[in-house]
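**Student:** Chains A and B, in that order, are what the protein sequence lines are.
In this text, residue positions in the first sequence follow numbering that gives the first Met the number 0: the first is 0, and each later residue adds one.
In this text, residue positions in the second sequence follow numbering that gives the first Met the number 0: the first is 0, and each later residue adds one.
The hints are simulated quantities; they were obtained by calculation from the structure and are not laboratory data.
One thing to keep in mind: the hints can contain errors.
[Stated by the list, open to error] In silico lysine to any residue, SDA-like type, Cα no more than 20 Å apart, as pairs: (1) B:K145 x A:T32; (2) B:K144 x A:S472; (3) B:K145 x A:W117; (4) A:K484 x B:T215; (5) A:K484 x A:L17; (6) B:K320 x A:T12; (7) B:K144 x A:A144; (8) B:K145 x A:P466; (9) A:K484 x B:H119; (10) B:K34 x B:Q46; (11) B:K144 x A:A469; (12) B:K144 x A:P466; (13) B:K144 x A:G464; (14) A:K484 x B:G120.
Bear in mind the structure is a predicted one, so any value in this text is a computation, not a measurement.
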Amino acid sequence: MTWLNKNRNPLITALIILIALVLAFSGKSPQTTSSIILSGVTLAALYFLVASGVSLIFGLMDVLNFAHGSLFMFGAYAGWTFYTNPRLLFNTAPILLAVLAGLALSPILARFVALPRWARWLAVLFGIAMAIFALRDFPIDKLVAMGMSMTGKIIPTAEAQEPIATMLLRIGGMFIAGAVASAATATRSAERLEAPMSRTLGIVGGLVALALITLFVRDLGEQAILGTESNWRFLLALGVGAGTGAALGALMEWGLIRPLYARPIYQILLTLGLTFVFDQVVRFVWGPAGAFMEIPQWFNTSSQDCPSDNLLLWFSQHCDSIFVMGRPFPSYRLFIILVGAIMVLGIALLLQRTRFGMIIRAGVQDSEMVEALGINVRRVFTLVFAIGAGLAGLGGVVAAPFLGVYPGMAMEFLLQAFIVVVIGGLGSIPGAVVGALLVGLARAYGDHIVLAGIQLPWMTDAISGSPAIARASTVLIMAIVLFLKPTGIFGKKE
Amino acid sequence: MNQFIRNNLGYLLLLAALVILPYALALITGDPLNKGLPLFVQGLMIQVFILAVFALSYDILMGHTGILSFGHALFFGTGAYTLGILVKYGQWSIPAAIVAVVIIAALESFVIGVLSLRVHGVYFAMVTLAFATVAFILVEATDFKKWTGAEDGLHGIPVPDALNPALHRTEFYFLALAFAVMVYLLVKLFVDSPSGRVWAAIRENEARATSIGYNTLVFKVQATIISGIIGALAGVLNALWNLSATPQTMGVDTTINALLMCIIGGSGTIIGPMLGAGVLQLLGYLLNLWLGSVWQLVFGLIYILLVLFVPYGIIGTWRAKNFEWRAMWRDRLQRVATGTGKSSG
Chain A
0 MTWLNKNRNP LITALIILIA LVLAFSGKSP QTTSSIILSG VTLAALYFLV ASGVSLIFGL
60 MDVLNFAHGS LFMFGAYAGW TFYTNPRLLF NTAPILLAVL AGLALSPILA RFVALPRWAR
120 WLAVLFGIAM AIFALRDFPI DKLVAMGMSM TGKIIPTAEA QEPIATMLLR IGGMFIAGAV
180 ASAATATRSA ERLEAPMSRT LGIVGGLVAL ALITLFVRDL GEQAILGTES NWRFLLALGV
240 GAGTGAALGA LMEWGLIRPL YARPIYQILL TLGLTFVFDQ VVRFVWGPAG AFMEIPQWFN
300 TSSQDCPSDN LLLWFSQHCD SIFVMGRPFP SYRLFIILVG AIMVLGIALL LQRTRFGMII
360 RAGVQDSEMV EALGINVRRV FTLVFAIGAG LAGLGGVVAA PFLGVYPGMA MEFLLQAFIV
420 VVIGGLGSIP GAVVGALLVG LARAYGDHIV LAGIQLPWMT DAISGSPAIA RASTVLIMAI
480 VLFLKPTGIF GKKE
Chain B
0 MNQFIRNNLG YLLLLAALVI LPYALALITG DPLNKGLPLF VQGLMIQVFI LAVFALSYDI
60 LMGHTGILSF GHALFFGTGA YTLGILVKYG QWSIPAAIVA VVIIAALESF VIGVLSLRVH
120 GVYFAMVTLA FATVAFILVE ATDFKKWTGA EDGLHGIPVP DALNPALHRT EFYFLALAFA
180 VMVYLLVKLF VDSPSGRVWA AIRENEARAT SIGYNTLVFK VQATIISGII GALAGVLNAL
240 WNLSATPQTM GVDTTINALL MCIIGGSGTI IGPMLGAGVL QLLGYLLNLW LGSVWQLVFG
300 LIYILLVLFV PYGIIGTWRA KNFEWRAMWR DRLQRVATGT GKSSG
C-alpha cells in the first residue's frame with residue numbers, strides 16, 4: 000500500500016499512457032502500430048541522450064544548460080567531419096589545442112603576474128590582436144570544401160592544407176594569445192595558488208605536445224582514417240563525437256560557468272549566449288546548408304535477400320532494413336534504439352552501482368553536505384557536465400546518418416529535450432526516460448496522423464498537414480503536464 | 000517645477016536632442032527631411048525606438064521581477080502577425096486590430112504565466128522558449144501559408160497613407176518617439192507603484208515576499224501580462240514600420256537581442272534597456288558594414304564577455320561608479336574642511 004502511495008504519480012501516468020496507446024492504435028493494423036512505435040522509440044532514444052544530460056546537470060548543480068542542443072550539434076558535426084573529412088580536424092585541432100595550452104597556464108601566471116586594471120584591458124586587446132593575426136587567411140573554406148566534394152575518398156594531401164611551417168607559426172601565435180588572455184584574467188584565488196606547479200606544467204606541456212603530434216601526423220593520420228573500413232570509421236566517429244562533446248562541456252563548466260556560481264541568472268544567460276555563438280560558428284565554418292552522413296556498411300547493404308526476414312538473419316546479411324511484423328524497418332534505426340538502451344542502462348548502473356554515482360545522487364540531494372564530507376564537489380561538477388555533454392555529442396553522431404547534420408538541429412533537439420525534462424521532472428533520470436518515450440511516441444504518431452490526415456466523424460474531407468504541425472504538437476503534452484503537475488511526473492515537490 | 004527639471008535634466012536633454020535630430024541633420028547636410036542622410040538616420044532611429052520599447056518590456060520581467068523569459072519574441076511576433084493578418088485579410092481598421100492584439104497578448108501571457116510560474120524559476124525560461132519555438136515553427140509551416148506567408152512572411156500590410164512610413168517618414172519618426180516616451184513613463188509608473196514594489200521584493204527574495212503574505216504568483220503573472228502586452232505593441236509598431244511580419248520576429252534571435260539590450264544598457268534600470276537598444280542597433284549597423292556576416296559571431300562573443308565581466312551594463316556600472324566617486328569626493332572634501340589629514344579609505 001505504501002508502495003502504491005509512493006509511486007502514485009508514475010502509476011497514474013502509466014495508466015493514462017496505456018489508455019492513450021490503446022485508443023490511438025485501436026483502428027490501426029498491427030504493422031502500422033509496430034512501425035509507429037519503433038519510429039517513436041528511435042526518436043525517444045535520441046531525445047533521451049540530450050535530455051538526460053540537461054536533467055543530470057540541473058539536478059546536481061542547478062544550472063540549466065541552454066547550450067546542450069549545441070553540444071549535440073557540435074558532436075554531430077565533429078563525428079561527421081571525422082568520418083568524411085578528417086583533414087579539417089587535423090588542421091584545426093592543433094590550433095585549438097594551442098589556445099587551450101595558453102589558457103591552462105593561468106594558475107602559474109596567477110602566481111607571478113598581477114596586472115593592474117588598465118594593463119588587463121591592454122592585455123585583452125593584445126590577445127585579440129594576436130589571435131586575429133595568427134588566424135589571418137586561414138583557408139577554412141577550402142578545408143571544408145574538400146570533404147564536401149569527395150566524401151569518403153582519399154584526397155590528395157598537398158592541396159588545401161598549409162605547409163607545416165605556416166601552421167607552426169599559427170600555433171605559436173594562438174598559444175601566446177591564450178597565455179595573454181589568461182594573464183589578463185588571472186586572479187589570486189587560494190584554490191589556484193594551491194595547484195601544484197608540476198601538474199599545471201604537465202597539462203600545458205601535454206597539450207602542446209598533442210598539438211604538435213597532431214600536426215606532424217596529419218597526412219598519415221588522414222590516410223589511416225580514410226583507409227579504415229566504414230564501420231570501424233563510424234565507431235571511431237562515435238568516439239570522436241562523444242569526446243568532443245565531453246571536452247567542450249568540461250571546458251564550458253571550468254572556464255565559463257564556474258566563475259558564475261554566485262550569480263545563477265547569469266549562468267543561464269551565458270549558456271543561451273553560447274547557443275548563439277555555437278550556431279554562428281557552425282554556420283561560419285560548415286555553411287548554413289546541412290549535409291547527409293553516409294550510413295555505415297553494416298546497416299547499408301542491399302542485395303536480393305534484403306530486407307532481412309528477422310534480426311538473426313540480419314547479422315549475416317547486414318541489410319539496410321529488416322522485416323518487423325511483415326513491414327521493412329531501417330536497421331540503422333534499430334541501432335539507434337540499441338545505443339539509447341545501452342546508455343539508459345549505463346547511466347542507471349553508474350548512478351546506482353558505483354561510488355561516483357553515489358556521490359552524484361548525494362550531490363543532487365544536498366551538495367553542501369557532500370562538500371562538508373570532504374568530497375571535492377567541483378571536480379564532480381566538471382565530470383558530470385562532461386558526461387552529460389558527452390552523451391549529447393554521442394547522440395549527435397548517432398543521429399547524423401538518420402537526420403543529417405544542419406545548423407537548426409541544436410534548437411530542434413534543445414526544444415525536445417526541454418519538453419522531455421519538463422514532462423519527466425527536472426533532475427530525474429527515470430523522468431527523462433519516460434518523458435523521452437512519451438515525446439518520441441507522440442511525435443511519431445503525430446507524423447503518421449499528419450501524413451495520413453485526420454477525419455473526424457463530422458468532416459467530409461480528411462485534414463492533412465505538414466510535418467511542422469507534428470513538431471509543434473509535442474508542446475501540448477508539456478502544457479498538459481505543467482497544468483496537472485507542474486514539477487513533472489517524477490519531479491520532487493518544491 | 001525647477002526641481003523637476005533639475006532632477007530629470009539628462010532625460011529632458013536626451014528627449015530634446017532626439018526631437019531636434021532630424022532637423023539638425025537636414026540643416027547640416029543640406030538635404031531635405033525625406034532624402035539622403037536625414038531620411039536614413041530617421042529610419043535607423045525608428046528601429047531603435049521600436050526595439051527600445053521591446054527591450055523595456057523584456058526588462059519588466061528580467062530586471063524588475065527577476066523572471067527570465069527566453070521566449071519574449073513570441074509577443075513581438077504575436078503583435079506583428081495579429082495586426083498583419085487582421086488588417087490585411089480581415090479588413091479591420093488599425094485601432095481595432097491593436098485592441099485585438101492587446102487582448103490576444105494578454106491571454107497568451109496569462110496562460111504561459113499560470114502554466115510555468117508555479118515552479119522553479121528556470122521553468123519559465125524553458126517553457127517560454129518552447130512556446131516561442133513552437134510559434135516560430137507554426138508561422139513557418141506551409142499549412143497556414145495563405146495567412147502567414149510561411150517562410151517569406153506576411154507582406155504588404157495595407158495602411159492609410161497618413162501612417163505610411165515611406166511617404167511620411169518624419170511623422171512616423173515622431174510617432175515612434177512618442178510611443179517610446181509614453182511606454183517609458185508607463186513602465187516608470189508601474190515600477191514605482193505598490194505592485195512594482197512587490198515585483199522588486201520577488202526579485203530580491205521570493206521566499207521572503209511569500210512569507211510577508213503576498214501571493215507572489217499573482218504578481219508574477221501580472222508582470223508577465225504587462226510585459227507581454229507592451230512587447231506585442233512593439234511588434235505592432237514594427238509591423239507598421241516594415242509593412243510586413245516575418246518569421247524572424249518570432250525567432251530566438253529576437254529574444255537574444257532584447258536580452259542583449261538589457262544587459263548592455265543595464266538591467267533593472269528603466270532607461271538602461273532603451274539606451275542598450277540604441278547602442279546595439281548602431282553598433283550592429285557599424286559592425287555589419289565593417290565585418291560582413293561574421294558580425295553576429297563577434298556579437299555573440301561580446302555578449303558572453305559582457306555577461307562575464309560587465310554584468311550591470313552601462314547604466315548600472317555608471318551608477319555604481321558614480322556613487323563611489325561621489326562618496327570618495329565627499330570624503331575628501333570633509334577631510335579638507337575638518338583638517339584631518341588621514342584618509343579613511
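**Student:** Now, for every hint given, state plainly whether the structure supports it.
**Tutor:** Hints versus structure:
{"no.": "1", "hint": "B:K145 x A:T32", "result": "violated, 34 Å"}
{"no.": "2", "hint": "B:K144 x A:S472", "result": "holds, 18 Å"}
{"no.": "3", "hint": "B:K145 x A:W117", "result": "violated, 58 Å"}
{"no.": "4", "hint": "A:K484 x B:T215", "result": "holds, 19 Å"}
{"no.": "5", "hint": "A:K484 x A:L17", "result": "holds, 19 Å"}
{"no.": "6", "hint": "B:K320 x A:T12", "result": "violated, 55 Å"}
{"no.": "7", "hint": "B:K144 x A:A144", "result": "violated, 35 Å"}
{"no.": "8", "hint": "B:K145 x A:P466", "result": "holds, 17 Å"}
{"no.": "9", "hint": "A:K484 x B:H119", "result": "holds, 13 Å"}
{"no.": "10", "hint": "B:K34 x B:Q46", "result": "holds, 18 Å"}
{"no.": "11", "hint": "B:K144 x A:A469", "result": "holds, 17 Å"}
{"no.": "12", "hint": "B:K144 x A:P466", "result": "holds, 14 Å"}
{"no.": "13", "hint": "B:K144 x A:G464", "result": "holds, 12 Å"}
{"no.": "14", "hint": "A:K484 x B:G120", "result": "holds, 16 Å"}
When each numbered hint is compared with the structure, violations occur for hints 1, 3, 6 and 7.
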